[in-house]
Amino acid sequence: MVQITDLFIYPVKSLKGISLNTSETSLRGLKFDREWMITNSDYEFITQREIESMSTIEVSIDSDALTLSLKNNTKHTIPLDSIKSEPIKASVWGDNCDAYDEGDDVALWLTSMLGQYKGKSLRLVRYAKQGVRPVPSKYLEGMEAQSAFSDQFPYLVTSWESLDKLNKGLIKNGSQVAKMDRFRPNIVVKGIEDLEKKTSQNFLCQQSGYSFGLRKPCKRCKIITINQDDGKIDNPKEPLATLTSLRFSDAINGAFFGQNAILLSTRNYILKVGDELSIG
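Basically my numbering = 1-based index in the sequence shown + 24.
Check before you lean on any hint, since a few could be wrong.
Dumping the calculated DSBU-like pairs for lysine-lysine here, alpha-carbon to alpha-carbon at most 35 Å [claimed, not checked]:
1. 256 <-> 246
2. 162 <-> 243
3. 296 <-> 162
4. 192 <-> 296
5. 95 <-> 162
6. 243 <-> 99
7. 214 <-> 256
8. 246 <-> 189
9. 153 <-> 99
10. 214 <-> 144
11. 55 <-> 153
12. 55 <-> 189
13. 246 <-> 214
14. 95 <-> 144
15. 222 <-> 261
16. 99 <-> 162
17. 142 <-> 246
18. 243 <-> 222
19. 246 <-> 261
20. 196 <-> 222
21. 243 <-> 261
22. 261 <-> 192
23. 203 <-> 99
24. 196 <-> 142
25. 144 <-> 261
In short, the hints are calculated from the structure, not lab data.
Please read these numbers as outputs of a predicted model, since none were measured by experiment.
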């Protein structure tokens, strides 16, 4: 039996995640996941691929506010009910998304903490409730799905078995083992081998009634080489090189870890750590 061991959301794309015991699904992923995004002054998205130290900014959220902070106790709080701009368009991977700019105060705070990028100051934008960003239909097998500011899919599932396999390869190569946080999953499970080869299969939680469709193995990039604790790259080749050599997926080229997934329902559910899943 497959079991959920961890749940994570990343309210601001590429900043630190939040570990949860329960989380509510929504149209675009787990509630609040990737609802905000850092951009340059032209509203083009910026991630750890461009600014590694983004991984050091901690995020907390409650019913009233989103708070960004650093370990030195410098922080900035944004009320959830504030709309500080007219609608704007923010671009992520070629998609122009409806969004709102969260204002100059947080923009100045982010720019002072992270620095400009290529001479441009940073902005924080929030995905608009009325926005529509569909997942490409070729992955959906007749279903419909949307995402907010995630790379493409609303949910990312990883497994401890895949991490164990990767770390055995890293040890064999004389490299440091990797932590799960480098892969920035939403749902972490145990009890399944070769998750990356389960494309088109579904996870079903009979007790709660929800099901997820595994639709595309997740191709990995530079971000998994970044230490999520301090934003530093100790070895620019690992664990990317070892992951590529291990060929987790049936895909010909690339490093794959985890599965991009969609919720196979139009209603929302509560996911819990400990939920048991069947696969088929």
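Comparing the hints with the structure gives:
1. Taking the CA atoms of residue 256 and residue 246, the gap is about 12 Å. The hint holds against a cut of 35 Å.
2. Between the alpha carbons of residue 162 and residue 243 the distance comes to roughly 17 Å, so the proposed pair stays at or under 35 Å and holds.
3. Between the alpha carbons of residue 296 and residue 162 the distance comes to roughly 30 Å, so the proposed pair stays at or under 35 Å and holds.
4. For a cut-off of 35 Å, the pair hint linking residue 192 to residue 296 stands: about 29 Å separates their Cα positions.
5. Simply put, residue 95 and residue 162 have alpha-carbon atoms about 43 Å apart, too far for the 35 Å limit, and the pair is violated.
6. Distance restraint check for residue 243 and residue 99: the Cα-Cα separation of roughly 33 Å lies within the 35 Å cut-off, and the hinted pair is therefore satisfied.
7. Only pairs whose Cα atoms come within 35 Å are accepted, and residue 214 paired with residue 256 is accepted, the gap being roughly 29 Å.
8. About 20 Å separates the Cα atoms of residue 246 and residue 189, which keeps this hinted pair within 35 Å; it holds.
9. At roughly 26 Å between alpha-carbon atoms, residue 153 and residue 99 fall within 35 Å of each other, so this suggested pair holds.
10. For the given pair, residue 214 sits about 43 Å from residue 144 by alpha-carbon distance, which is inconsistent with the 35 Å threshold.
11. Our distance criterion of 35 Å between C-alpha atoms is met by residue 55 and residue 153, whose separation comes to about 12 Å.
12. This hinted pair checks out: residue 55 and residue 189 have alpha carbons roughly 31 Å apart, not beyond 35 Å.
13. Between residue 246 and residue 214, the direct Cα distance comes to roughly 25 Å. Compliance with the 35 Å bound is thereby established for this hinted pair.
14. Restraint check for residue 95 and residue 144: satisfied, since their Cα atoms lie roughly 25 Å apart, inside the 35 Å limit.
15. As the CA atoms of residue 222 and residue 261 are separated by approximately 27 Å, the hinted pair is consistent with the 35 Å bound.
16. A C-alpha spacing of about 42 Å is found between residue 99 and residue 162, which places the hinted pair above 35 Å, so the restraint is violated.
17. As the CA atoms of residue 142 and residue 246 are separated by approximately 19 Å, the hinted pair is consistent with the 35 Å bound.
18. Distance hint between residue 243 and residue 222 is fulfilled; the C-alpha atoms sit about 14 Å from each other, no more than 35 Å.
19. Our distance criterion of 35 Å between C-alpha atoms is met by residue 246 and residue 261, whose separation comes to about 9 Å.
20. The straight-line distance between the Cα atoms of residue 196 and residue 222 is roughly 26 Å, inside the 35 Å bound, and the hint therefore holds.
21. Taken as a hint, the residue 243 and residue 261 pair is honoured in the structure, with Cα atoms around 15 Å apart against an allowance of 35 Å.
22. At most 35 Å may separate the alpha-carbon atoms for a hinted pair to count; residue 261 and residue 192 meet this at roughly 16 Å.
23. Of the supplied pair hints, the one linking residue 203 and residue 99 holds, its CA atoms being roughly 26 Å apart against a limit of 35 Å.
24. Our distance criterion of 35 Å between C-alpha atoms is broken by residue 196 and residue 142, whose separation comes to about 39 Å.
25. As the CA atoms of residue 144 and residue 261 are separated by approximately 29 Å, the hinted pair is consistent with the 35 Å bound.
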